[in-house]
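Spelled out, the chains give:
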Amino acid sequence: MIIDCHTHWGIAWQERDRGDPARWMAIADQHGITKAFLYPHAGIVRSDSCAVDNDTVAAVAASAPDRLIPVATAWPQMKEQGLEEVRRAVEVLGARALKFHPWLQGFSLADPYLGRICGLAAELRVPIFFHDGTPCYCLPEQIAGLARRFQATCFVLAHAGLVWNWRSAIEAARRSNVWLCLCGPPQRALEVICQRADPDRILWGSDFGFGFADSIGYWLSVFRAARIPDTMKEKILGVNPLHLLQSAL
Amino acid sequence: MLVTIDCYCAVGNDREYDFSADDLIRALDRAGVNRAVITPVDRYMVVDNCEGNKFILESAQRHPDRLIPSCSINPWFGKRGEQELRRAATEGARLLVLHPFIQGYQANDDLAWPLIEIAAEERLPVYIHTGPPGNASPWQVIDLAEQYPTADFIMGHCGATDFWNDAALAALSCENVYVEPSLARPFKFAAHMQALGPAKGVMGSFAPINDLAVEWTEMRKLLPPGDWSDFYGPNLLRLLAKRGPL
Ligand SMILES: [Zn+2]
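Protein sequence lines, in the order shown, are assigned to chains F and X.
Using this note's numbering, read the first sequence as starting at 47 and increasing by one per residue.
Using this note's numbering, read the second sequence as starting at 178 and increasing by one per residue.
These are computed hints drawn from the structure, not numbers from a lab.
Quick caveat: nothing in here was measured; it's all calculated off a predicted structure.
Ideal placement from N, C-alpha and C gives every residue a C-beta, glycine not left out.
A portion of the hints provided could be inaccurate.
As the list claims (entries may be wrong) - Partial chain F-side listing against chain X, Cβ under 8 Å, derived: (1) 78; (2) 80; (3) 208; (4) 209; (5) 214; (6) 232; (7) 233; (8) 260; (9) 268.
Said to hold, decoys possible - Heads up, incomplete: computed chain X residues facing chain F, CB under 7 Å, no partners named: (10) 308; (11) 346; (12) 349.
Same shape as in the complex, but just chain F (with noise of 0.2 Å):
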């Protein structure tokens, strides 16, 4: 079982294949990629683009339901109605978590709203995928200053503090409502990250969608290298992705 936690429905592939994810999926089962988070990209880029990006990944995912997981976005900026397109995601749409990035979307996670939509999340049982690793706005300790301030909310950082951030990942995650996502750092990084991180709380992703470059099979390559104990990385696989689910749930 392998559980991609990471994965977008790019804006190549909705602009070539029209929210068909034929294509998509015979490279995620070329590498036995038994299901997929998958985040939205046009949202993540333009404000303008967001709820119609909501709405594409959700009938994305709604064509393969039992392997695709649906993720969506929103905008602090957009204040009130920011608010709104968080729960008519979850409510009306079925989004099972929240992605933001930052640094994209041009927003600080010091914004009033964002704290807002955290406290939504909570109340909406859903977790936050967060792009990290990157400032000003998506370093692994500014997301842990959420999570502080959030408890109730599960938090994911979902590079696991890319390729020189990592260490400060591994203290973010000392808090129990922040997991990683390995997804960004290099082999012998994952390999520290898995020893000093709660083994619970760790999940894979590859990024793939992107683009059209298949980075699927690179990141399999550098996990199943690493020197990590087979029963941790099948954990990390296959039952933690689901366990996020049901927690925040």
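Could you slot chain X with the ligand onto chain F? The hints should help.
Quick look at chain X with the ligand alone, frame taken from chain F:
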């Protein structure tokens, strides 16, 4: 068969790994790679440069046909660092590694200029770790490369992750800048190479932070050695051989 060289392999004992020259030789054999430039571990780049450079030189001397020694100097050592760079080059170092993030300066800071001048004189290519925001971006490398046109610069990691957008445009703007893929990931780096052409890249794995065989295997899938042979060794050999035959 053209030579294959890995541009960046850290040898030694650091806080989270212990990778000996013999471990590296086995990894090279497994991946079918002829040679590697070996580099000091983080601690030796930040402090104890001389001890680290000597360790690298000795490690390379035990496998002279396979391993090529580099050296690293922290620019904060000033005159002492300049002397150490001259010494290391005289003893056999063939490449200068700078890591602005851990050494504590910005890549284009005038603090490092004396070292670049010496590297240009001694015909040592300069490898700069790029990517950490604020410390080492692709365009900072270009500032240096424009100022020192007789030096060769290797843009380690292509600014990964946050500066990946800049890497190809920056590298295209300066003839004496080459890109290296470790941490930039093959599926992203291949697009850079398509934009830059085969003469502008040098293959590096950053073992043991990355698995050498995984990096080479995955890269060969996307940039087949038949079409990209210069990238896998001859480009780097040409830069290293400016100081003399290897
Ligand atoms: Zn992503």
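Worksheet item: Hint check: is the beta carbon of residue 209(F) less than 8 Å from a beta carbon of chain X?
Response: holds (5 Å)
Discussion item. Using the nearest Cβ pair, does residue 80(F) come within less than 8 Å of chain X?
Written reply: At 22 Å from the nearest chain X Cβ, residue 80(F) fails the 8 Å test, so the hint is violated.
Worksheet item: Would the stated hint for residue 308(X) survive a check requiring a Cβ distance to chain F of less than 7 Å?
Response: holds (6 Å)
Discussion item. Interface hint check: residue 208(F), Cβ to nearest Cβ on chain X, cutoff 8 Å. Holds or violated?
Written reply: This hint holds: residue 208(F) lies near chain X, its Cβ roughly 5 Å from the closest one there, short of 8 Å.
Fill in: Cut-off 8 Å, beta-carbon criterion: hint that residue 268(F) touches chain X
Holds, because the Cβ-Cβ distance from residue 268(F) to chain X comes to roughly 6 Å (cut-off 8 Å).
Discussion item. Is the interface hint satisfied for residue 260(F)? The criterion is a beta-carbon contact with chain X at less than 8 Å.
Written reply: Residue 260(F) check passes; min Cβ-Cβ to chain X is 6 Å, inside 8 Å.
Worksheet item: At a threshold of 8 Å, is the proposed contact between residue 214(F) and chain X supported by beta-carbon distances?
Response: violated (12 Å)
Worksheet item: Should the interface hint for residue 233(F) be scored as holding, given a Cβ-Cβ cut-off of 8 Å against chain X?
Response: OK, holds: residue 233(F) within 8 Å of chain X, min 5 Å.
Worksheet entry | Given hint residue 78(F) near chain X, where the shortest CB pair must fall under 8 Å | Since the shortest Cβ distance to chain X is 17 Å, the answer is violated.
Discussion item. Does the closest beta carbon of chain F sit nearer than 7 Å to the beta carbon of residue 349(X)?
Written reply: Hint violated; residue 349(X) Cβ to chain F Cβ min 20 Å, cut 7 Å.
Worksheet entry | Interface restraint verdict for residue 232(F) against chain X (beta-carbon cut-off 8 Å) | holds (5 Å)
Discussion item. Quick check on the hint: residue 346(X) CB to chain F CB, less than 7 Å?
Written reply: violated (17 Å)
Of the numbered hints listed earlier, those contradicted by the structure are 1, 2, 5, 11, 12.
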